[in-house]
Amino acid sequence: MKKVFSSTIKNLSAGDEIKFSGIIYTARDQAHKRLVKDIGRGRGIGRNFKIKDAVIYYCGPTKAPKGKIIGSCGPTTSSRMDEFTPFLLKRGLKAMIGKGRRSKEVIAAIKKYKGVYFLAPAGCGALVSKYVKKVKPAAYPDLGPEQILMLEVKNLPLIVGIDSKGRSIYGKD
Amino acid sequence: MRIIKAREIAETVAKLSLKANCSLRPDVLEKIRLAFKKESDKRAKAALESIIKNAGIARREKLAICQDTGLPIVFIDIGQDVSIKGDLKKAINRGIALGYRKGSFRESIVRDPLARSKPGYEGVVIHTEITRGNKIKITVMPKGFGCENKSLLKMFLPTAGTGQIKKFIIDAVKSAGPDACPPYIVGVGIGGTADYASLLAKKALLKRKGTVPYLEKVLLKELNQLKIGPMGLGGKSTCLAINIETCPTHIAGLPVAVNISCHALRSATKIL
Numbered sequence: 623m624k625k626v627f628s629s630t631i632k633n634l635s636a637g638d639e640i641k642f643s644g645i646i647y648t649a650r651d652q653a654h655k656r657l658v659k660d661i662g663r664g665r666g667i668g669r670n671f672k673i674k675d676a677v678i679y680y681c682g683p684t685k686a687p688k689g690k691i692i693g694s695c696g697p698t699t700s701s702r703m704d705e706f707t708p709f710l711l712k713r714g715l716k717a718m719i720g721k722g723r724r725s726k727e728v729i730a731a732i733k734k735y736k737g738v739y740f741l742a743p744a745g746c747g748a749l750v751s752k753y754v755k756k757v758k759p760a761a762y763p764d765l766g767p768e769q770i771l772m773l774e775v776k777n778l779p780l781i782v783g784i785d786s787k788g789r790s791i792y793g794k795d
Numbered sequence: 035m036r037i038i039k040a041r042e043i044a045e046t047v048a049k050l051s052l053k054a055n056c057s058l059r060p061d062v063l064e065k066i067r068l069a070f071k072k073e074s075d076k077r078a079k080a081a082l083e084s085i086i087k088n089a090g091i092a093r094r095e096k097l098a099i100c101q102d103t104g105l106p107i108v109f110i111d112i113g114q115d116v117s118i119k120g121d122l123k124k125a126i127n128r129g130i131a132l133g134y135r136k137g138s139f140r141e142s143i144v145r146d147p148l149a150r151s152k153p154g155y156e157g158v159v160i161h162t163e164i165t166r167g168n169k170i171k172i173t174v175m176p177k178g179f180g181c182e183n184k185s186l187l188k189m190f191l192p193t194a195g196t197g198q199i200k201k202f203i204i205d206a207v208k209s210a211g212p213d214a215c216p217p218y219i220v221g222v223g224i225g226g227t228a229d230y231a232s233l234l235a236k237k238a239l240l241k242r243k244g245t246v247p248y249l250e251k252v253l254l255k256e257l258n259q260l261k262i263g264p265m266g267l268g269g270k271s272t273c274l275a276i277n278i279e280t281c282p283t284h285i286a287g288l289p290v291a292v293n294i295s296c297h298a299l300r301s302a303t304k305i306l
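These protein sequences, in sequence, are chains A and B.
By our numbering, the letter at position 13 of the first sequence is numbered 635, and the numbering carries on one by one without gaps.
By our numbering, the letter at position 247 of the second sequence is numbered 281, and the numbering carries on one by one without gaps.
Think of the hints as simulated: they come from the structure by calculation, not from any bench.
Every residue, glycine too, gets a C-beta built ideally from N, C-alpha and C.
You can take every hint at face value.
To spell it out: a stretch of chain A is covered by chain B in this simulated footprint if at least three of its residues, at any positions, have a beta carbon under 8 Å from a beta carbon of chain B; those stretches are:
#: 1; stretch: 716 to 726
#: 2; stretch: 740 to 749
No farther apart than 25 Å at their CA atoms in a straight line, the calculated lysine to aspartate or glutamate pairs in the DMTMM-like style are these:
#: 3; chain 1: B; residue 1: Lys208; chain 2: A; residue 2: Glu705
#: 4; chain 1: B; residue 1: Lys152; chain 2: A; residue 2: Asp651
#: 5; chain 1: A; residue 1: Lys641; chain 2: B; residue 2: Asp75
#: 6; chain 1: A; residue 1: Lys776; chain 2: A; residue 2: Asp675
#: 7; chain 1: B; residue 1: Lys208; chain 2: A; residue 2: Glu727
#: 8; chain 1: B; residue 1: Lys270; chain 2: A; residue 2: Glu639
#: 9; chain 1: A; residue 1: Lys726; chain 2: B; residue 2: Glu182
#: 10; chain 1: B; residue 1: Lys87; chain 2: A; residue 2: Glu639
#: 11; chain 1: B; residue 1: Lys79; chain 2: A; residue 2: Glu639
#: 12; chain 1: A; residue 1: Lys755; chain 2: B; residue 2: Glu83
#: 13; chain 1: B; residue 1: Lys261; chain 2: A; residue 2: Glu639
Derived CB-CB ranges, DEER-like:
#: 14; chain 1: B; residue 1: Lys171; chain 2: A; residue 2: Lys734; range: 54 to 60 Å
#: 15; chain 1: B; residue 1: Lys123; chain 2: A; residue 2: Lys776; range: 44 to 50 Å
#: 16; chain 1: B; residue 1: Gly157; chain 2: A; residue 2: Lys755; range: 30 to 36 Å
#: 17; chain 1: A; residue 1: Lys632; chain 2: B; residue 2: Glu64; range: 41 to 47 Å
#: 18; chain 1: A; residue 1: Lys655; chain 2: B; residue 2: Gly157; range: 19 to 25 Å
#: 19; chain 1: A; residue 1: Arg663; chain 2: B; residue 2: Gly90; range: 42 to 48 Å
#: 20; chain 1: B; residue 1: Ser209; chain 2: A; residue 2: Gly662; range: 29 to 35 Å
#: 21; chain 1: B; residue 1: Val159; chain 2: A; residue 2: Gly689; range: 30 to 36 Å
#: 22; chain 1: B; residue 1: Gly157; chain 2: A; residue 2: Glu774; range: 33 to 39 Å
#: 23; chain 1: B; residue 1: Glu156; chain 2: A; residue 2: Glu774; range: 32 to 38 Å
Kindly produce the complete structure, drawing on both the sequences and the hints.
What follows is the structure in structure tokens.
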């Protein structure tokens, strides 16, 4: 699939394995805290990032070693972003990529706003870096490793963790 | 009295931090390979294959095994017949900064845990111990926080049975669930004080073997029946190993600490 269109999302079921190509944005703890604050106050995030239809990747990569565009860049634990996620889904966030479980509130919001949550290869940051084709700073450069980066990825292997009907790969616990 | 220069310690720490972050410990890799062989669940097997592939890429390309290059913990055992010339604490921090900069590792330490300003490399956790002899043993352990966040401590009653302790350890792994990069290696510290049990649990992760085999064997079997599996998607391989360390404690208490490591258990050691 090229882009996450609403029509594609609807057809995905928890457990499906896909290869994702397109634009994703890294954002983790501090970026989430700030996004919720800034979007809540109606502030712009910067020219390179819009929450509407965005795919957020819970990730803080290592720096790019010489000759590479990015370092190790696997997913971080998604549940730490749970308290901010329903708000972002309401404001148009389409998909999330991370690792591990999500809260009941997040699952309900994914169902309500027809989003999707993907799992990326956990603890395999060197491997994931191979699927990243382009990197561009997008927002909050002062956050250092927690800044928002725009990544263009090609054929990134993902598993649907929670689908738009609120079904979870981990079952109901 | 043997004299060792702080500069030599800094250089060693730098090298060890690069090795620990890019080359997965051979004993850990061996355990992952064994789990891969034994695993029959298709998705779990594929996840383990990715983990093995990842370790290969990291080693060959000198990339960090995981983007979370951790809060570096440095264990330094100093022989009592050694005199260190220079500032030891500074040398260790400088060594980490040197190695981490060279490896392009992530700046993951915030100086102020409350203000949480822009992260850097400084603020290494150092554990020193005085030993016999005239050598210095240095171990660098980059501990990722996805799994560190799952650490637990419980002060049991001295009359508590092994069953209660086992349940506590199993519940700790259950609560980590799929979130902290299974298959896990579980470190357990039993005895001492609250702080010492926690340190023992962490040190248990550095060992190739635990010290309470009868308990470890039973627990490993039970943990692998939880079916959390690699990436939490089911399968046999929930835990690669469990190491228990014990030490004397007070008649009124029984501290038990659990420190969980993700599959990327990283450390490197050198003796000077």
